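S.K.: Here are the chains, one letter per residue:
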Amino acid sequence: MKHSRLIAGVVGVFTASVGILFFVMPSAVRNLTTSSIVVSTLALIALTQAIIIAGRKRSMEKIGTPDPEYRTITQIPGASFDRGLHQLRPRVRHRLESAAVAVLTQVGEETVEDARRRLAEGTWTDDSRAAAFFSTDVVDDYPGRPVWLGGEPRVVKQALAAVSKLAEISTERSGGISIPDHVTSEWADRVPSDRGADLAPHNQKDGPGGDLPLEDEAWDRKTERWSGIEAIALFTVAAGTFLQEPPILLIGVMGVALTVYAAYGRAVEPEPISLSINRRHNASHPVPGDDVVVRVTICNESGRLLPDLRVIDGVPAALVVTDGSPRHAASLRPGETTTFSYGIEADYGKHVFQPPLVIARDATGEHERVFRAADDALSIKCYSPSEAADGVSLEELTTRYVGQVASNDGGRGIEFQEMREYQRGDPISLINWKGLAKTGELTTLQFREQRMAKVMLIIDARQAAYVAPSPTERTAVAQSIGAADVLVQALLDAKNQIGITALSPEQCWLAPNIGRSHKMRARRLLANNSAFTMPPSAEPCVMSIQLARLRRRISDETQAIVLSPLCDDAIVDFVKNLEASGTPTSVISPNPTTETTPGGILSRLERLARTITIRQTSIPVYDWDADESLGSSRNKQRARVNHRNGG
Amino acid sequence: MGGELMTVDLKSSPSQTGKLLAVSGSSLTLTVTVMADTRIGLILCVAGLAIFFRGVLVGSRREITVGCLVLYGSILVASMFGVGSVATTIGAIGVVSAWDSAENSVILQRQLSREAKTRRAELVHVATTASVITAAAVVSHLVYFSVASSRPTVILVILLIGTLLLMGALNQRE
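Taken in sequence, the protein lines are chains A and B. 1 is the number of the first residue of the first sequence in the working numbering; add one for each residue after it. 1 is the number of the first residue of the second sequence in the working numbering; add one for each residue after it.
Note that these hints are calculated values from the structure, not bench results. Since this is a predicted model, take the numbers as computed values, not measurements. Among these hints, one or two may not hold up.
[Stated by the list, open to error] Each computed DSBU-like pair below joins lysine-lysine, with the alpha-carbon atoms no more than 35 Å apart: (1) 117(B) with 381(A); (2) 519(A) with 495(A); (3) 438(A) with 222(A); (4) 19(B) with 438(A).
[What the hints assert, rightly or not] Per label pair, the in silico range of CB-to-CB distance: (5) 352(A) with 141(B): 54 to 60 Å; (6) 24(B) with 289(A): 42 to 48 Å; (7) 17(A) with 43(B): 52 to 58 Å; (8) 276(A) with 149(B): 53 to 59 Å; (9) 58(B) with 137(A): 48 to 54 Å; (10) 274(A) with 24(B): 34 to 40 Å; (11) 304(A) with 43(B): 32 to 38 Å; (12) 267(A) with 141(B): 57 to 63 Å; (13) 141(B) with 374(A): 46 to 52 Å; (14) 269(A) with 127(B): 24 to 30 Å; (15) 297(A) with 58(B): 51 to 57 Å; (16) 374(A) with 127(B): 27 to 33 Å.
In this text, a Cβ means the ideal position worked out from N, Cα and C, and glycines have one as well.
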């Protein structure tokens, strides 16, 4: 026990006892009433204690409420570069240097040694500011406002100039990156400081740092909302006593009453809270992009008044709120219900609502309980409509290998090819009986045999693939699932065998097959498999093991389409090794990078370098812009290539 | 297709209900100081209102608390200039109600954002606190006048200080 607490307690007990004694025997204080010494001493005690209490440190804990309105993403490409730019951490410098080497070697077709030499010499660009970032030999002769006048550090300006110049080189030689007029570090300020990071996983819906109770936990907290009321009451009593003003003393009495009220709030043990939470949504079979209205009904089953209830609904991690609010405040009598609704945008897959976060305060507001309420675990399943495959040219997406292959070898297909002389052993059903009756010759009908392509869709669902340009946009994994859904429908309709797997610590496997029931199995897997649920598994995903397992399970004639944002080097190695192992491979890559920040541009350059690396091994890579459909993005890309080739 | 994504502003000022309640409470203080006809009280009151309203507008709990302390000071000054015990009590009720509604509204906004419907919860909270303060005021009057009429005031002072010291000791954290 602290000394101050002990002293205050002892003095308090003594003073109150004296007060009670005098109250019972008022004659004992007759001589004290006018004594200024006694009055002054009492006022001084009150004032001293008021000052002590006022100066006491408040240690009110804060609850970081979650942001269920946004999607949970693990990374925003380039965000860590933007944030680390002003500190110019070694990692930032190393990353920019690696990107520069990649751009100069792959886009500029130089050797790595040449690229490093030109960077060191500063001869890779005419811009002295950009060159000076990598070279100590180059003098940055640009004028600029000094730091002490609010200007940016010279080295930061050099880094920004280098990013800008690399983007310019990349655009000149390979296209695909549009450079803004000038790159400034002000863009770094536009990156939400606490949302997304290049390396550190971040869960929007679990609040800053994920510091919230788990499903079975309940946290009881003192808000210390009324802390300081004793100090004000003591000060008022002291003032009333000093000044001998009865009205001031009167509101001092009121202060004491409020102090007792606050103390009651702190002292009372919180009782259990029982709520029933029921959700309904208005869409039985939503398609991606549909607005779904969620209606939440909360009933107080605690048998007592809940004066202050704050509820933050557990919106599925991969969905965004588009209308209304998933947050609600209510005051509920026993058995009373309250209802609120909000709109979310449907997206591919099965999305399970999480238990809502409830903050229940007592009437004083001094005590609050924070917990996850048991809910009905409502889910939304979202498939694409069958029409989604329309307009997607599979030949364009899968020109290399995939598609229906017609064989010149006659066989037991369905397309008539020719008639030939009967051979011993031909099935009776294929004998041309009409011809036999007409000409007397025994002939056999020959049909064209159609070989079906076997295609394995490999969705990159590692934690590194849960990237998006911002918390408001779909992650690359969600886009890949959508693309896979479209491909499954179109390829199966074209009589190809389709299988699905995921690069993920979670198990995800559907062997190649055909047919309507297989199509339903494939779409269910895309909607329900744990490899595609948010948040992604934090378990490591060892690519060499994934590759070995895949090679064991697929046959030699199987072709692969990898759906990946290509946001790290591991996936590049995986694709190259898969191709090298004899599996013809194509890549469809949703683009999660932006051009709105220096880090975003740098990430785009890095991704472009990976794309070129893969293409250099004759593996087709189809770059897919997030805001376009798969087919239209491919058409634009083809037009760009034709334009560059002068065709 | 889905609509535009809404952005969530968790640092905004209180809801309209919160602002209205805060203004109502603080206006009682202004009335009392105007009644007292004291220049220093009025200056304190205007300064307190300015700080308080700024705190309400920007959602700053610190400014709300500081503003209310200054307003409380203006009530004490008004009391010294003979505004009377009833007016003083009404002024104090106004200050406490204004602080309570504004502080509660700011916290609600931070936790639930402006889009959430909070009106009923805010009204219930303010009604509860206002009832408690009014009851406290009535009890205070009863206690004060019953003690003051039959016993020396110093006994009341001793009892108040003893109670507050005890409460302060009990509320102090380990």
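S.K.: Flag every earlier hint the structure violates by its number, smallest first.
M.R.: Hints 3, 4, 7, 11, 12, 15 not satisfied by this model.
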